[in-house]
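*Asks:* Sequence:
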Amino acid sequence: MLDLTVTRIVNVYHTDRQGWRRQLSAPRGYAALVFFTEGENCYLFGERRITARAGDLLLLPGDVPYAGLAHGNRVGYFVMDFECAPTDALAQLGAPLLFTPASPEELYGRFQQAVRLWQRQPVEVNLRLRALLYDVLGQCLSEPEATAGRLPTEALLQHIVDHLADPQLSVETLCKAYYISDSQLRRNLQKATGHTPKAYIRLLRMHKARAALAETDLPIKEIAAGCGFLSPYYFSRCFTEDTGLSPREYRRRHTGA
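The working numbering applies: residue 1 is where the sequence shown begins, and numbers increase by one.
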């Protein structure tokens, strides 16, 4: 069980501005809970895109670089900047996460209360703000049906298909491209495909290899490279393990060549 501890509230504020743009992808430094009151913002986390609208709640980790742009002229949002432990706690939750709360009006009132508390600044205020932050996070995380944007599974699956020829394609590179944790990637791919990420990548590579062997006269070395294998010998071994036939035997059976 994840034990997330808010160690410090850094800032609490509301902003209402003309447009917003973050051209260079960079981390923000602090984790944040952002509640949108007006307009629409689009965030880019590597290959991952999240669009937040009025009434949405966005959980941002402090160490994940991102860029973004407002859609339209005016945007408004509340922000609670905070630090937490362990440092990878939000990554374990799958952050960045976008929630669509069941009662945005209630949430609006709670963020207004947080801003008023922050302006007072006595010691007990920090305790009350932490309690409010825990409560909001707990409420959203306990309502999976009210969440959105956890992971663009379709885009992730397409990314795997598009990069099958890349020998560097792996669990690690997928996690880096989409700023997600290893456990979240495994959970989502297992749910979508019935396979672990490593097994699914190999399954697609073998399917691509079988098609190339049966439908083209490309040299086996080229087919191996096109399926993401640096070594044709390793490709041949994997292919034989999966099909019971060597690439050459498979081609002969399906083409007579």
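Quick caveat, the hints were computed from the structure, so don't treat them as lab data.
None of the values given here were measured: they were computed from a predicted structure.
Virtual Cβ for every residue (Gly too), placed ideally from N, Cα, C.
Be careful, since some hints might not be right.
When the alpha-carbon atoms are kept at most 20 Å apart in a straight line, the in silico PhoX-like pairs for lysine-lysine are as follows [as the list claims (entries may be wrong)]: (1) Lys198 / Lys208; (2) Lys208 / Lys221; (3) Lys208 / Lys176.
Ranges of calculated distance between the beta carbons of each label pair, as one might list FRET restraints [claimed, not checked]: (4) Lys221 / Glu38: 24 to 30 Å; (5) His195 / His71: 34 to 40 Å; (6) Arg49 / Lys221: 20 to 26 Å; (7) Gln190 / Arg8: 34 to 40 Å; (8) Arg116 / Ala177: 20 to 26 Å; (9) His163 / His254: 44 to 50 Å; (10) Asp88 / Gly19: 31 to 37 Å; (11) His163 / Asp63: 51 to 57 Å; (12) Val161 / Asp3: 36 to 42 Å; (13) Arg116 / Glu47: 51 to 57 Å; (14) Asn73 / Tyr134: 33 to 39 Å; (15) Gln190 / Pro27: 27 to 33 Å; (16) Arg17 / Pro122: 25 to 31 Å; (17) Gln168 / Asp88: 21 to 27 Å.
*Asks:* Taking the hints in turn, state whether each one holds.
*Replies:* Now the hints, each set against the structure:
1. Lys198 / Lys208: Holds, at about 16 Å.
2. Lys208 / Lys221: holds (14 Å)
3. Lys208 / Lys176: violated (25 Å)
4. Lys221 / Glu38: 24 to 30 Å: violated (58 Å)
5. His195 / His71: 34 to 40 Å: holds (37 Å)
6. Arg49 / Lys221: 20 to 26 Å: 38 Å Cβ-Cβ, so the 20 to 26 Å window is violated.
7. Gln190 / Arg8: 34 to 40 Å: holds (36 Å)
8. Arg116 / Ala177: 20 to 26 Å: violated (41 Å)
9. His163 / His254: 44 to 50 Å: violated (26 Å)
10. Asp88 / Gly19: 31 to 37 Å: Distance hint for Asp88, Gly19 holds at roughly 33 Å.
11. His163 / Asp63: 51 to 57 Å: Since the Cβ atoms of His163 and Asp63 sit about 25 Å apart, the hinted range of 51 to 57 Å is violated.
12. Val161 / Asp3: 36 to 42 Å: holds (38 Å)
13. Arg116 / Glu47: 51 to 57 Å: violated (39 Å)
14. Asn73 / Tyr134: 33 to 39 Å: With a Cβ separation near 35 Å, Asn73 and Tyr134 satisfy 33 to 39 Å, so the hint holds.
15. Gln190 / Pro27: 27 to 33 Å: holds (29 Å)
16. Arg17 / Pro122: 25 to 31 Å: holds (29 Å)
17. Gln168 / Asp88: 21 to 27 Å: At roughly 23 Å between Cβ atoms, Asp88 and Gln168 fall inside 21 to 27 Å, so the hint holds.
Consistency note: the structure conflicts with the earlier hints numbered 3, 4, 6, 8, 9, 11 and 13.
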